[in-house]
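Visitor: The listed protein sequences correspond, in order, to chains A and B.
Mapping the first sequence onto our numbering, position 62 (from 1) lands on 62, and the numbers just tick up by one.
Mapping the second sequence onto our numbering, position 72 (from 1) lands on 72, and the numbers just tick up by one.
Treat the hints with caution; some may be incorrect.
Going by beta-carbon spacing under 8 Å, a handful of chain B positions derived as facing chain A [to be verified]:
(1) Asp74
(2) Gln107
(3) Tyr108
So these bits of chain B aren't anywhere near chain A, every CB distance computed over 12 Å [as the list claims (entries may be wrong)]:
(4) Leu9
(5) Phe46
(6) Glu58
(7) Ile66
(8) Glu94
(9) Pro104
(10) Gln113
(11) Ser120
(12) Glu125
These aren't lab readings, by the way, just hints derived from the structure by calculation.
All C-beta atoms in this analysis are idealised placements derived from N, C-alpha and C, irrespective of residue type, glycine included.
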Amino acid sequence: MKTSRRIRRMTRHKRVLPKLPLTSLMDVFTILVFFLMVNQSSVEVLQQPRQITLPESVVEEKPRETVVILVGKDEVLVQGVPVARIADIQAAGNAEIEPIGARLAELSESVIGLSTQAVAESQEVTVLADKSIPFSVLKKILATCTARGYTRVSLAVVQKSGQTV
Amino acid sequence: MEMTTFLNLMVVLVPFLLITVVFSRITIAELDLPSAESTSPTAPTFRVEVVVREAGLEIMDGAQVITAIPKTGDAYDLPKLSEYLVAIKGQYPEKVDASVLLEPDIQYDHLIQIMDTVRSVEVQEGGQTNRTDLFTAISIGDAP
Chain A
1 MKTSRRIRRM
11 TRHKRVLPKL
21 PLTSLMDVFT
31 ILVFFLMVNQ
41 SSVEVLQQPR
51 QITLPESVVE
61 EKPRETVVIL
71 VGKDEVLVQG
81 VPVARIADIQ
91 AAGNAEIEPI
101 GARLAELSES
111 VIGLSTQAVA
121 ESQEVTVLAD
131 KSIPFSVLKK
141 ILATCTARGY
151 TRVSLAVVQK
161 SGQTV
Chain B
1 MEMTTFLNLM
11 VVLVPFLLIT
21 VVFSRITIAE
31 LDLPSAESTS
41 PTAPTFRVEV
51 VVREAGLEIM
61 DGAQVITAIP
71 KTGDAYDLPK
81 LSEYLVAIKG
91 QYPEKVDASV
101 LLEPDIQYDH
111 LIQIMDTVRS
121 VEVQEGGQTN
131 RTDLFTAISI
141 GDAP
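Sequences and hints are given; from them, build the entire structure.
Guide: The following block contains the structure:
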């Protein structure tokens, strides 16, 4: 008698307890997953390098698979290999920087895998430059690129959230 | 209905996608550089040139200076530049190319900001801001 009353009480109590709203939870998760997956689909070609700060801009074009020239505060890296120093570039009198040119020529010759082939055939350069470098350095680097046949040059920037100018 | 397995999948997927989300996205600004071989023999009649100097900005039409915009305080007066460029675009609606000419010591950051200003302008339209293209093919060069 005692237990049966308890059981009855428990069942009554259970009926009052609301069921966990699984359906709405599922809705939220499904929407979240799709939203994140759509965001995900744009594969990042370039990673933001730690040692330099890129300038901000409002342009919306996506980076492509190209030769990457990273212009840091003291060094210039072409496809991850340090080739020249900023101080040397500033001191150089002529418009072309020989080591950068040599490295670019080497890149278009040495094709190993599919990704390097894509890079070499694009004949395109993306310049990731620190926001503080003077224009004279940038100009010499760009002049070197165009002289070596890399005529399409893009400047990498961090996307700004459109509202401010 | 058996939802628990599906829910498990979701619970795993959501944190995984969340940690791989990239918040600062890198984009690129394309330059319209003249290649070394192809030099156009016919000089164009009108060119839009923005000259960036230490002291301020100048707008040139290829031959002479149209307007000079001095710096306001320590920064370039970009709103005013934008105003003038909109006026030029109104006169020559088909023109899409422009040049940004810089002195050697101008910082890269200023170049990008001025390129942004030359490329497009923000238009206020009934509470919402739209971007309108001005001169999208930008080349850069030395200040005369």
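Visitor: Now tell me if each hint is right for this structure.
Guide: Taking the hints in turn, this is what the structure says about them:
About 15 Å separates the beta-carbon of aspartate 74(B) from the nearest beta-carbon of chain A, more than 8 Å, and the hint is not met. Interface hint at glutamine 107(B): satisfied, since its Cβ lies 6 Å from the closest Cβ of chain A, which is below the 8 Å cut-off. At its closest, the beta carbon of tyrosine 108(B) sits 5 Å from a beta carbon of chain A; the interface hint therefore holds under the 8 Å criterion. In this structure leucine 9(B) is not separated from chain A by more than 12 Å, as the shortest Cβ-Cβ distance comes to only about 9 Å.
Annotated as non-interface, phenylalanine 46(B) keeps its C-beta farther than 12 Å from every C-beta of chain A; the closest such distance is 25 Å. With a closest Cβ-Cβ approach of about 16 Å to chain A, glutamate 58(B) is found to remain outside the 12 Å limit, as its non-interface label requires. Every beta carbon of chain A lies more than 12 Å from that of isoleucine 66(B), the smallest distance being close to 22 Å; the non-interface claim holds. The claim that glutamate 94(B) is not at the interface with chain A holds, since no C-beta of that chain comes within 12 Å of its own (minimum 22 Å).
The Cβ of proline 104(B) sits about 4 Å from the closest Cβ of chain A, inside the 12 Å cut-off, so the non-interface label is violated. Here glutamine 113(B) does not stay apart from chain A, with its beta-carbon only about 7 Å from theirs, under the 12 Å limit. Annotated as non-interface, serine 120(B) brings its C-beta within 12 Å of a C-beta of chain A; the closest such distance is 7 Å. Once the 12 Å rule is applied to beta carbons, glutamate 125(B) is consistent with being away from chain A; the minimum gap is 14 Å.
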